[in-house]
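Chemist: Residue-level listing of the chains:
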Amino acid sequence: MKANCWIGNKKVRVQDVPEPKILNRRDAIVRVTSTAICGSDLHLFNGFIPTLESGDVLGHEFMGEVMEVGPDVKNLKPGDRVVVPFPIACGHCRSCREQNYSLCENSNPNAWMAEKLWGYSPSGLFGYSHMLGGFAGGQAEYVRVPFADVGPLKVPNGMDDEQALFLSDIFPTGYMAAEMCNIRPGDVVAVWGAGPVGQFAMKSARMLGAERVIAIDRLPYRLELALSRGGATEVLNYEQVDIHDALRSATAGRGPDACIDAVGLEAHGHGALFALDRAKQMLKLQPDRPTALRQAIQCCRNGGVVSLAGVYGGFIDMFPIGAIVNRALTLRAGQCHVHRYMRPLLQRIENGEIDPTFVITHRLPLAQAAEGFDLFVNKLDGCEKVVLKAA
Amino acid sequence: MQEKHSASPNVTKTRAPARPQKRRLQTREPEALAPLGTESSISAVSEVESDRQDGRRNGLAWLSVGLGLAGLFAPRHLARLIGAEESEATTWTLRAVGGRELVCGVGLLSGAQPANWAWARLAGDVLDLALIGTALQAKNTRNDRLLVAGAGILGAASLDAYSAWRLQQGSRDVAAEGIVVQQSITIARPPQDVYAFFRDFQNLPRFLSHLESVRVDNGHSHWVAKGPLGSTIEWDAEIVEDRPAELIVWRSGPNADVPTQGRVQFRRAGEDTELEIELRYDPPAGEIGAALAKLLGVAPQQQMSSDLRRLKQVLEVGEVLHSDSSIHRGMHPAQPSELSEQISKEVRS
Numbered sequence: 001m002k003a004n005c006w007i008g009n010k011k012v013r014v015q016d017v018p019e020p021k022i023l024n025r026r027d028a029i030v031r032v033t034s035t036a037i038c039g040s041d042l043h044l045f046n047g048f049i050p051t052l053e054s055g056d057v058l059g060h061e062f063m064g065e066v067m068e069v070g071p072d073v074k075n076l077k078p079g080d081r082v083v084v085p086f087p088i089a090c091g092h093c094r095s096c097r098e099q100n101y102s103l104c105e106n107s108n109p110n111a112w113m114a115e116k117l118w119g120y121s122p123s124g125l126f127g128y129s130h131m132l133g134g135f136a137g138g139q140a141e142y143v144r145v146p147f148a149d150v151g152p153l154k155v156p157n158g159m160d161d162e163q164a165l166f167l168s169d170i171f172p173t174g175y176m177a178a179e180m181c182n183i184r185p186g187d188v189v190a191v192w193g194a195g196p197v198g199q200f201a202m203k204s205a206r207m208l209g210a211e212r213v214i215a216i217d218r219l220p221y222r223l224e225l226a227l228s229r230g231g232a233t234e235v236l237n238y239e240q241v242d243i244h245d246a247l248r249s250a251t252a253g254r255g256p257d258a259c260i261d262a263v264g265l266e267a268h269g270h271g272a273l274f275a276l277d278r279a280k281q282m283l284k285l286q287p288d289r290p291t292a293l294r295q296a297i298q299c300c301r302n303g304g305v306v307s308l309a310g311v312y313g314g315f316i317d318m319f320p321i322g323a324i325v326n327r328a329l330t331l332r333a334g335q336c337h338v339h340r341y342m343r344p345l346l347q348r349i350e351n352g353e354i355d356p357t358f359v360i361t362h363r364l365p366l367a368q369a370a371e372g373f374d375l376f377v378n379k380l381d382g383c384e385k386v387v388l389k390a391a
Numbered sequence: 001m002q003e004k005h006s007a008s009p010n011v012t013k014t015r016a017p018a019r020p021q022k023r024r025l026q027t028r029e030p031e032a033l034a035p036l037g038t039e040s041s042i043s044a045v046s047e048v049e050s051d052r053q054d055g056r057r058n059g060l061a062w063l064s065v066g067l068g069l070a071g072l073f074a075p076r077h078l079a080r081l082i083g084a085e086e087s088e089a090t091t092w093t094l095r096a097v098g099g100r101e102l103v104c105g106v107g108l109l110s111g112a113q114p115a116n117w118a119w120a121r122l123a124g125d126v127l128d129l130a131l132i133g134t135a136l137q138a139k140n141t142r143n144d145r146l147l148v149a150g151a152g153i154l155g156a157a158s159l160d161a162y163s164a165w166r167l168q169q170g171s172r173d174v175a176a177e178g179i180v181v182q183q184s185i186t187i188a189r190p191p192q193d194v195y196a197f198f199r200d201f202q203n204l205p206r207f208l209s210h211l212e213s214v215r216v217d218n219g220h221s222h223w224v225a226k227g228p229l230g231s232t233i234e235w236d237a238e239i240v241e242d243r244p245a246e247l248i249v250w251r252s253g254p255n256a257d258v259p260t261q262g263r264v265q266f267r268r269a270g271e272d273t274e275l276e277i278e279l280r281y282d283p284p285a286g287e288i289g290a291a292l293a294k295l296l297g298v299a300p301q302q303q304m305s306s307d308l309r310r311l312k313q314v315l316e317v318g319e320v321l322h323s324d325s326s327i328h329r330g331m332h333p334a335q336p337s338e339l340s341e342q343i344s345k346e347v348r349s
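These protein sequence lines map, in sequence, to chains D and H. Using the numbering used here, read the first sequence as starting at 1 and increasing by one per residue. Using the numbering used here, read the second sequence as starting at 1 and increasing by one per residue.
Mixed in with the good hints there might be a few duds.
[Said to hold, decoys possible] Here are the simulated BS3-like cross-link-like pairs (lysine-lysine), alpha carbons at most 30 Å apart as the crow flies: (1) K226(H) - K116(D); (2) K154(D) - K345(H); (3) K77(D) - K389(D).
Think of the hints as simulated: they come from the structure by calculation, not from any bench. Note that the coordinates shown come from a computational prediction; the quantities given were computed from them, not determined experimentally.
Kindly generate the complete structure, drawing on both the sequences and the hints.
Modeler: If you want it as structure tokens, here you go:
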């Protein structure tokens, strides 16, 4: 079958690889119909996440048709259309029973690797490095889905792939980022990054009652999308204004009630500190580049919440811990517990509260995955979100 | 080897040859440690031995430092004490000897390559004996004092030789000191269930990666461990203590090639079970010992941690979870492979 493989830094290629097989009793094999390139795939592409191997099949946002199920999967049958959450979760361990699915204790066969880097291991993920399990991803014609009785959500008849696809990651991820902000009516929420996750975070913040949502980015087309479709009430371009000053005056000196970092470890910025961060990252002195996170912390109102939707993998320098401590900020983070949000968010889609397709700018066949990565990573042709059609 | 494992964040650690560490288990439930095997618990044995070794090494080190300072800063007093001729030549000789002793002492105390420093001390002892011999032939010496000093050096030399030999054994041959692995994990099942699964030793190879099979027969069990190049290491084991839902202690029978002991303890934690396992292998020196040491891997602690995680998977989700890379020995890209086909047949059958 065809699968998009990571070959090396800044290089992916669609290759022929063997078809996946049932390896465990609760597996399913899914024929992928639609898959997407995630912003976090770009961190893999650019080589910022350790423990990748040449030949790893990428992709953790995907959906398709069930072809085969293992002997212990009773709730799915061949022919079912499903969308699959990106964290792999067993459904039985303590974390799963507490609905912290991305912390599943049984789904990472390479947990020892993650323990070396992070102290303890989170769940395994599809197509996201060996320290997160070494599972082949969904940018392929077929994919093996472990614990298929727990993760996959059946897509209602008549619903398009594109309506359901983002339930696999970016819609729930943006939603959880907003939920972690404990939004109360009248709140002002600032969102760093108007990429796909940022757009869903903004939209979700509005759904959860935020009165004003301020989008921060440097790309005019993304800020326009935030205003027109993403639910932002105001936008700020950090290349044109000083963000701290602008947020301060926009909130009459208080600062936003909550700040969401939907950027992650490859943030852009300007000034000496950004140059230093970038240099340190290139020299491998600092794995993650926390420009957006630092700014979000500095800008948040006293006692407010800083919520992380962006991916960080390792360590950062110059962390403004003083602001957090002295201004009683709350920092919240986590890979999204997708399983927890899929059904309620599907409901919102069915109710017409949101049309998740608004982020899609490019549709390509799976065979052109490398071109999709190029468009997305270089922000070419107004690229916001690339969907790959596998069938 | 040790230092590497301590990087692992797990609660417990390998305690084979070197430094003893505080144990969680002891503080929580001291009586549980008592009953294993001979006179004390398996871990206590290795701790006592390594304490002794540390003590011996440190004694020699401080002796070196003391002599070194005396030689460097009070060579004339030292000369008088040992009955040597009080001359300029003696003074400088004693200063040189003192400098050497100080270096050896600090080297030993640093803990880096202690065996080499102990051997260096022994070489120094031989040199000192030669110096005493020379001094005995000189005039203006007190031969009675020189002979006492010589006897002292001979005593120190024998201690140095023994210590160097032991230290070298310790660093060269882990097996000689026994391999002790201790790990723990929390499992979301009540202690009765976890105990019952474990008590059926035939289940152990499902998660203990170095075991090939365990056959149970009339209260005795026959264990087969994987050896290198398809060989096996086998032993019979008997249960020493068995408290349902609490504790199982077992050890190999008298004729085992590789004497081995094990203990697993189950503690209720809410609705879950905290399981703590401790295995000890005392492989003989030579081929079998080396084979077993190799088999248990360079990181037995990490291996056991992964083994327990598999136990948790079996008990919580019913089987060991595979990924596209984990089914391969060594590294393999995260993509399906021909091996998947084989495993798939087993799952479906």
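Chemist: Need the list of violated hint numbers for this structure, in ascending order.
Modeler: none
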